[in-house]
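Top to bottom, those sequences are chains A, B and C. With the numbering used here applied, the first sequence covers 1 to 486. With the numbering used here applied, the second sequence covers 1 to 294. With the numbering used here applied, the third sequence covers 1 to 280.
In case anyone wonders, no lab produced these hints; they're calculated from the structure. These numbers were taken from a predicted model, which means no experiment stands behind them. Incorrect hints may appear among the rest.
[To be verified] When the alpha-carbon atoms are kept at most 35 Å apart in a straight line, the in silico DSBU-like pairs for lysine-lysine are as follows:
hint : chain 1 : residue 1 : chain 2 : residue 2
1    : A       : K452      : B       : K51
2    : A       : K101      : B       : K184
3    : A       : K191      : B       : K144
4    : B       : K144      : A       : K325
5    : B       : K184      : C       : K101
6    : A       : K195      : A       : K325
7    : B       : K184      : A       : K210
8    : C       : K101      : B       : K94
9    : A       : K69       : A       : K183
10   : A       : K283      : B       : K184
11   : A       : K283      : A       : K452
12   : A       : K210      : A       : K452
13   : A       : K327      : B       : K144
14   : B       : K210      : A       : K452
15   : C       : K194      : B       : K184
16   : A       : K357      : B       : K51
17   : A       : K195      : A       : K101
18   : C       : K101      : B       : K210
19   : B       : K210      : A       : K464
20   : A       : K183      : B       : K94
21   : A       : K189      : B       : K93
22   : B       : K144      : A       : K305
23   : B       : K93       : C       : K194
24   : C       : K194      : B       : K210
25   : B       : K210      : B       : K94
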Amino acid sequence: MRRPTTALNRTAFVVLASLAALGTLYLGARRAFAQNNAQPVTLTILGISGWTPSELAGKMAPEFQDYAKQTGGLSVRIKFEGAPFSALEQKAATSLAAHSKEYDIIISDSQWLGALSTPGWIVKLNDIIQREPLLKRAEGSFNTITRWAYQTYPYGSDNLWGLPQEGDVLALYVRNDLARDAKNQAAFKDKYGWKLPTSFEEWEQVTWPKFEQIMGFFNRPDQGLYGFAGEYSKTYDFISDHVMSMMWMWGGEIWDSNAHQVYGILNSPQNNAALEYYIALLKYQPPGANTFDINGVIQSLTQGKAFSGLTWAAVGPAILTPEMKDKIIVVPPPGRIVNGKMVRIYCVGGQPWVVNKFIDRQHMRAALEFLKWWYLPETQMRFARLGGNPVAQYVLDRPGFEQIQPWYREYRYMLVTERARDFWHNPTYASLLEVQQEAWTAYATGVVNSAKVANDYAACGQQKILYDAGFARQAPPSSCEEVRLR
Amino acid sequence: MPQPLFTWLLIAPSLALFAVFNILPLLWLVGLSFFRYNLTFGPPPQFAGLKNYTDLMNDRFLWGRLGLTLLFVLLAVGIETVLGALLGYAFWKKRDLPGRRLALTLLFVPMVLAPVAVGTFFKIIYDPMYGVLPYYAARLLRIKPPDLLGSGNLAFPAVLAVDVWMWTPFLIMMTVAALGAVPKALLESAEVDRLTAWQRMRYVVWPHAKFVLMLGVVLRTIDAFKTFDLVSAMTAGGPGNQTQLVSLTIFREAFNDFAIGKASALSLLVLFIAVSLASIYLFVLNYGVLREGK
Amino acid sequence: MIGRRRIASALASLGLWAVCAAFFMPVFWIFLAAFKTRAQILTIPPIWVFHPSLEGLRFMVERQAGAFWQYLLNSVMISALAVTIAVFVAYLAAFSLSRFKPAATDFMMFLLLSIRMVPGAAVVLPLFMMYRSLGWIGSRWAIVLFYAMFSLPFSLWILKGFLDGVSRRFDEAAMVDGASRFHVMFRVVLPQVKPGVVAALIFNMIFVWNEFLFDFILGGERVATIPVALAAGLYTSQGTDWQYIASLTLVYTAPLMVAIFFVQRHLLLGMTFGTVRGEV
Numbered sequence: 001m002r003r004p005t006t007a008l009n010r011t012a013f014v015v016l017a018s019l020a021a022l023g024t025l026y027l028g029a030r031r032a033f034a035q036n037n038a039q040p041v042t043l044t045i046l047g048i049s050g051w052t053p054s055e056l057a058g059k060m061a062p063e064f065q066d067y068a069k070q071t072g073g074l075s076v077r078i079k080f081e082g083a084p085f086s087a088l089e090q091k092a093a094t095s096l097a098a099h100s101k102e103y104d105i106i107i108s109d110s111q112w113l114g115a116l117s118t119p120g121w122i123v124k125l126n127d128i129i130q131r132e133p134l135l136k137r138a139e140g141s142f143n144t145i146t147r148w149a150y151q152t153y154p155y156g157s158d159n160l161w162g163l164p165q166e167g168d169v170l171a172l173y174v175r176n177d178l179a180r181d182a183k184n185q186a187a188f189k190d191k192y193g194w195k196l197p198t199s200f201e202e203w204e205q206v207t208w209p210k211f212e213q214i215m216g217f218f219n220r221p222d223q224g225l226y227g228f229a230g231e232y233s234k235t236y237d238f239i240s241d242h243v244m245s246m247m248w249m250w251g252g253e254i255w256d257s258n259a260h261q262v263y264g265i266l267n268s269p270q271n272n273a274a275l276e277y278y279i280a281l282l283k284y285q286p287p288g289a290n291t292f293d294i295n296g297v298i299q300s301l302t303q304g305k306a307f308s309g310l311t312w313a314a315v316g317p318a319i320l321t322p323e324m325k326d327k328i329i330v331v332p333p334p335g336r337i338v339n340g341k342m343v344r345i346y347c348v349g350g351q352p353w354v355v356n357k358f359i360d361r362q363h364m365r366a367a368l369e370f371l372k373w374w375y376l377p378e379t380q381m382r383f384a385r386l387g388g389n390p391v392a393q394y395v396l397d398r399p400g401f402e403q404i405q406p407w408y409r410e411y412r413y414m415l416v417t418e419r420a421r422d423f424w425h426n427p428t429y430a431s432l433l434e435v436q437q438e439a440w441t442a443y444a445t446g447v448v449n450s451a452k453v454a455n456d457y458a459a460c461g462q463q464k465i466l467y468d469a470g471f472a473r474q475a476p477p478s479s480c481e482e483v484r485l486r
Numbered sequence: 001m002p003q004p005l006f007t008w009l010l011i012a013p014s015l016a017l018f019a020v021f022n023i024l025p026l027l028w029l030v031g032l033s034f035f036r037y038n039l040t041f042g043p044p045p046q047f048a049g050l051k052n053y054t055d056l057m058n059d060r061f062l063w064g065r066l067g068l069t070l071l072f073v074l075l076a077v078g079i080e081t082v083l084g085a086l087l088g089y090a091f092w093k094k095r096d097l098p099g100r101r102l103a104l105t106l107l108f109v110p111m112v113l114a115p116v117a118v119g120t121f122f123k124i125i126y127d128p129m130y131g132v133l134p135y136y137a138a139r140l141l142r143i144k145p146p147d148l149l150g151s152g153n154l155a156f157p158a159v160l161a162v163d164v165w166m167w168t169p170f171l172i173m174m175t176v177a178a179l180g181a182v183p184k185a186l187l188e189s190a191e192v193d194r195l196t197a198w199q200r201m202r203y204v205v206w207p208h209a210k211f212v213l214m215l216g217v218v219l220r221t222i223d224a225f226k227t228f229d230l231v232s233a234m235t236a237g238g239p240g241n242q243t244q245l246v247s248l249t250i251f252r253e254a255f256n257d258f259a260i261g262k263a264s265a266l267s268l269l270v271l272f273i274a275v276s277l278a279s280i281y282l283f284v285l286n287y288g289v290l291r292e293g294k
Numbered sequence: 001m002i003g004r005r006r007i008a009s010a011l012a013s014l015g016l017w018a019v020c021a022a023f024f025m026p027v028f029w030i031f032l033a034a035f036k037t038r039a040q041i042l043t044i045p046p047i048w049v050f051h052p053s054l055e056g057l058r059f060m061v062e063r064q065a066g067a068f069w070q071y072l073l074n075s076v077m078i079s080a081l082a083v084t085i086a087v088f089v090a091y092l093a094a095f096s097l098s099r100f101k102p103a104a105t106d107f108m109m110f111l112l113l114s115i116r117m118v119p120g121a122a123v124v125l126p127l128f129m130m131y132r133s134l135g136w137i138g139s140r141w142a143i144v145l146f147y148a149m150f151s152l153p154f155s156l157w158i159l160k161g162f163l164d165g166v167s168r169r170f171d172e173a174a175m176v177d178g179a180s181r182f183h184v185m186f187r188v189v190l191p192q193v194k195p196g197v198v199a200a201l202i203f204n205m206i207f208v209w210n211e212f213l214f215d216f217i218l219g220g221e222r223v224a225t226i227p228v229a230l231a232a233g234l235y236t237s238q239g240t241d242w243q244y245i246a247s248l249t250l251v252y253t254a255p256l257m258v259a260i261f262f263v264q265r266h267l268l269l270g271m272t273f274g275t276v277r278g279e280v
């Protein structure tokens, strides 16, 4: 047994020694490498993959490198990373929670401002905006809803945590080639006694009851054509954006943001009616519409299966394909007559930039330069030409702006304070959303048969979340014990 | 080098990997489960004793979700085992199947696909408008193309079916392997002794095959319990809560709500259930006795 | 009599082939989609015969300035290294557990198997915190070692089973001849458990190759593997990118298919956990 033992010792020694040598070499090489690379700053942006405006930012970012070199003498390298919508928050929050410097700027969803700012992960921008003339000019040009939606937490307060990257609103995409068809025009007039709308101005007058007639008119399953396509999917916030819009127009509210009270507000009779109405529209939609996500609406339109579709202005480029470009117009979604006045209130979409608080001064400086560059009129115009939705009013108000993209007239029309609204910039955003998505998709797919039960379930769940988190003063009532989905 | 040192030296790397990448995070998890801790709001972590656990016990939806998960595991593993055992037996019997190697290769492919890809692609395979499956189902049965993932009643079986499709091949493979473990001499002598088919199964095949087969079932049970990518890509737990497996709930608590304390407690509860299940299996399997008897 | 037997046998063959074809059908459908245009994928009635288009594969490769090759390289390197390390480390441990039977052997076997029971979502956050504080985020080695741990239990179970089946007389004979312990382990015993090694390699490869969550959270762009690329690329500005999903699935499933074809015998033998020698 002696020989093997010595052999082992020798082998072990050689192995250990070479490991140690390799380790030293590696550490040394890494240090040398790190020093060599110290000069240019790498600015890493985390955006949403598969989302046009985010990808455009990634595409345009290299142009910033030249700008930075010319104006500030900064040598910056831009790196763009993407994560899909549903996973971006995981990626961003796990990274920020560990006080990581890996992302300098993050494109977040507007509702996360509360969740990102409360633990102190992102930079409060008030002072910086005041200090930087270029940012101050941009800030001064944003309208109220833009500031509220993309910058503030608490919603509507003076605390600015983000800067708008992309503005977005819901838009109605309509097959105008079918609407303008003389036979359809005549038949529609015969049947309903009013003119089938074919222009932006005519659509401006359309209310939901009128729109229902149009949906019904074009709903021709035997021809493979359906009247409408909306979003009803459980993924992320897809069904919520649409249903909440309906509730606001039906005169309801989703919560009292001061008292953090949901119960009794979300499950109000108006809201039950609004939910019921939006789900009832499924009868004018293609099979499978009750799980449609954004892609479901895009596909219904591009494949010629739907006469109309309600989704974001941001996906205009996906819907207005070369084949569909001349057939589809983008118009304001239907409104509702309240006290003799047309009311339109829809969810805003879009995303702000937020800045990581844990990055060093060098990176912070580069990040600020980047944001300043973003709001230059040239940059905003270039973003517009590529298909993004800029927000600086000095660009939106330029003559000819509305002609740049087919949806810009609608976008400008809708992104105003009385027509656009955002929901819960609260740290519990994701939990609130989840229970609501669960409740409403359950109703959309027949798991529960009553809008009231679905809204009760959502209201009870949200009240509990807000109460447990210490935001709401009132616990959910004891009647909530009885509420369940199936 | 003394023997005990050598013995443990060989095991050490495994234990080191295990300790660093498993025990450490697990201890962290246990620790976190006693804290009231939300990443995105509220005060810094606060010791809360058993609060997270009592909250779990009082969560009236949790038991429904656990029940749904158990049902999923039971049905998936059950169907996969029965189908896998039957088909595996057939493939084992038919050793002279022409092109057996290619046939088995094709058969085994579903289990090597990425669940994310499968889950997403099945959305279009199941789609009532563009989907190949509802189209042929409608043609064959003369019905309207069914909306599988958009119906409260059909979504669960539809998701289950994909899991069965993906993982039955695994149990076929384990069965073929298990039956291969039965010594041929024994089978031949059983033939000579004119044992009935049942007796042959019970006294000759089962004692030798059970170890491998049961191990397959254990592994499958553990994995079925963790099913996540597939379902989250296909239905996101919907419609409503019809496919809301407990792994999706854990993920949601941890990465959407960032309720770290609560998510940790829930993870440990699920881990406890999984370990208990596995222990029961291994008890039935009686690993030690079988090995020593050999 | 013989005629009837032959017919029955042919029918059985046909039936089994039908089973295989049925299981393969959805995979085939996804593979077909890799050669279709976007419109063809969505066409109903389904198209089975068409002029194949390489558009999808080309888009896949060209997307993100050729990052595809980086993802593929990452996938190959990370999974190959991880399973190799796992099998090597597991072999050492299995040898020790099988030959020297230290105290608590059965307990250790169970303990290691329990690794697989931990829900991924549960440990990824503490792991992330740990990686962060050690500066391991985005490091190739750190992700490799994690996957090695991930592959350890199964390798250990397979290899121990095989080692238990190799008679100790070989070791003793070699030792008497004056061979070192390592010589016994790697030159005398290892060749006899080759099927177990191959099975452990392939089987763990399948799991690591498909793993998404840990690479997504613990890795960065630099270590992104194909499943991460897949999840990040599911959607494009044009909506869900069915072509991309199909092309990527085709490209990264094909190598595993080939591997399964060629090492099938070892794989099946390996799955017996060493309870049998020879053909299965």
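Any of the earlier hints contradicted here, and which numbers?
-> 2, 7, 8, 9, 10, 14, 17, 19, 20 and 21
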